[in-house]
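Chemist: Sequence:
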Amino acid sequence: MFRAPRGTDDILPQDQPYWRLIEQTAEAVCRRFGNQRIRTPLFEDSALFIRGVGTGTDIVEKEMYTFDDRGGDSLTLLPEGTASVCRAYLEHGMANLPQPVRLFYFTPIFRYERPQAGRYRQHHQFGVEALGDADPSTDAEVIELGWRFLADLGLRDLTLYVNSIGDHRCRPAFVEALKAYYLPRQEALCQDCRGRLHRAPLRLLDCKVPSCQALAQQAPHTLDHLCDDCTQHWQRLEGYLKRLEIPHTVDHRLVRGLDYYTRTVFEVKPQAEGSQVTILAGGRYDGLMEELGGKPTPGVGFGSGIERMVLNLKLQETQPPDPLPRPVVVVALGEQARVEGISLASRLRQNGLAAVVAPGSRSLKAQLRYASALNARYALILGDRELEKGVVVVRDMDKAEQREVEAAGVEEMVGGGG
RNA sequence: GUGGGCGUGGCCUAGUGGUUAGGGCGGCUGGCUGUGGCCCAGCAGAUCGAGGGUUCGAAUCCCUUCGCCCACCCCA
100 MFRAPRGTDD ILPQDQPYWR LIEQTAEAVC RRFGNQRIRT PLFEDSALFI
150 RGVGTGTDIV EKEMYTFDDR GGDSLTLLPE GTASVCRAYL EHGMANLPQP
200 VRLFYFTPIF RYERPQAGRY RQHHQFGVEA LGDADPSTDA EVIELGWRFL
250 ADLGLRDLTL YVNSIGDHRC RPAFVEALKA YYLPRQEALC QDCRGRLHRA
300 PLRLLDCKVP SCQALAQQAP HTLDHLCDDC TQHWQRLEGY LKRLEIPHTV
350 DHRLVRGLDY YTRTVFEVKP QAEGSQVTIL AGGRYDGLME ELGGKPTPGV
400 GFGSGIERMV LNLKLQETQP PDPLPRPVVV VALGEQARVE GISLASRLRQ
450 NGLAAVVAPG SRSLKAQLRY ASALNARYAL ILGDRELEKG VVVVRDMDKA
500 EQREVEAAGV EEMVGGGG
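Per our numbering, the first sequence starts with residue 100, numbered consecutively.
Some hints could be false.
Straight-line C-alpha distance at most 30 Å; calculated BS3-like pairs for lysine-lysine [said to hold, decoys possible]:
hint, residue 1, residue 2
1, K307, K278
2, K307, K368
3, K161, K278
4, K341, K368
5, K368, K278
6, K413, K307
7, K368, K161
8, K341, K278
9, K413, K464
10, K464, K488
11, K488, K498
12, K307, K161
Read the hints as simulated data drawn from the structure, not as lab findings. From a predicted model like this one, the values you see are computed outputs, not experimental measurements.
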């Protein structure tokens, strides 16, 4: 027996209402904010991600699905969404459009990691990017978009965490300050953190080991080490968020895993305790375009995990609307009637109704049972008698009433019930 | 990569060494020779994840392996 590969999932019909709700909500919010949809390929030149995401990151070091195609090119399944969108921006000269260019996308994301609750090797993200504007009002706009999206979805008890991690000018000094703080305290760090001290010092701040958390509490704050421009950017952003009445918590220990972030970073988590719970996260990435070979172009955006939103909707017992129409089921007795039944169903569908033909070679009883199981509004019964008289028996499955109707008049009879 | 839990028909599950592995849901058929939902009956469907071992005898005990889940790492 074949099974879906580890860490992948079939999204079955019963879950589609959740997905539809999320996608429709996202699209509606984007429309209101003036963001347009973009679809990029599922794989890209491997170098795009190596350059964009950063060579030191776990994603690049051990999580990418990379392969050589038959022409010898190294390709990689998207491990995140932003790099592709930036590539498209540069490739299509979007710098010539009014800035910022506001985009959104839905895409599968592939990362080779051990699956667990809320984490998959293939998951799906709704992402938003605003490209070409460095002003903090754009950060605020993107955060507002994400916040409205989650609110419209009906997710409750969410917390928005924000922080600024500075830019290429002030971050090096902060990292030095951080090291200066931690070096004399190495003894107290967990094994992982001793390694981080040299490889990824910022990550010391969000270690979950209690002893490390205690140290992180006292560690230098990024906000105290920002350069003037970054400070001003941060203060203006906070002002906008307050004016927009978007509740947020400043989290000094919020850093992000991808190298390209500058200044603003943010994350949204539900109250529920757990680890794989971030449902939306993003930030500003002013150096990314240049890194990808384009002219320096600022950008800010976020990604949100659709599976995690489905998870949370289910946890809080939100019932998504399920607009499945109740079908009309055609019940045919005998081959002659079947031919007519198939054509009758076809006519109904062309008139916009949902119509299915019950499986043949079954008794009337069994076909009606089938209609019942499909939650049919009407059963249309066709047998030799009806064929002779040129009628169809229309059975109302809810009222358990039925009557003969001229074959030509069936649509009207049944039209309102779909 | 590391640690823990769990693997019995499509789904849920009983069964902790002893005759043909039991039940529920779901599926199909029948209970009217042209009438559903309830009820009743029947049928199909499991080499008890796989391999090896212990034993007169293994779903049950031991070993190995694979898979799933959860957690760490990291992330949406």
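Chemist: Indicate, hint by hint, whether the structure satisfies it.
Modeler: Taking the hints in turn, this is what the structure says about them:
1. K307 to K278: 19 Å, holds
2. K307 to K368: Cα-Cα ~16 Å, so holds.
3. K161 to K278: Holds. K161 to K278 sits at ~26 Å (cutoff 30 Å).
4. K341 to K368: 19 Å, holds
5. K368 to K278: 29 Å, holds
6. K413 to K307: 27 Å, holds
7. K368 to K161: Holds, at about 26 Å.
8. K341 to K278: 33 Å, violated
9. K413 to K464: 38 Å, violated
10. K464 to K488: 22 Å, holds
11. K488 to K498: Given pair K488, K498 holds - Cα atoms ~25 Å apart, limit 30 Å.
12. K307 to K161: 22 Å, holds
In summary, the structure is inconsistent with hints 8, 9 from the numbered list given earlier, while agreeing with the others.
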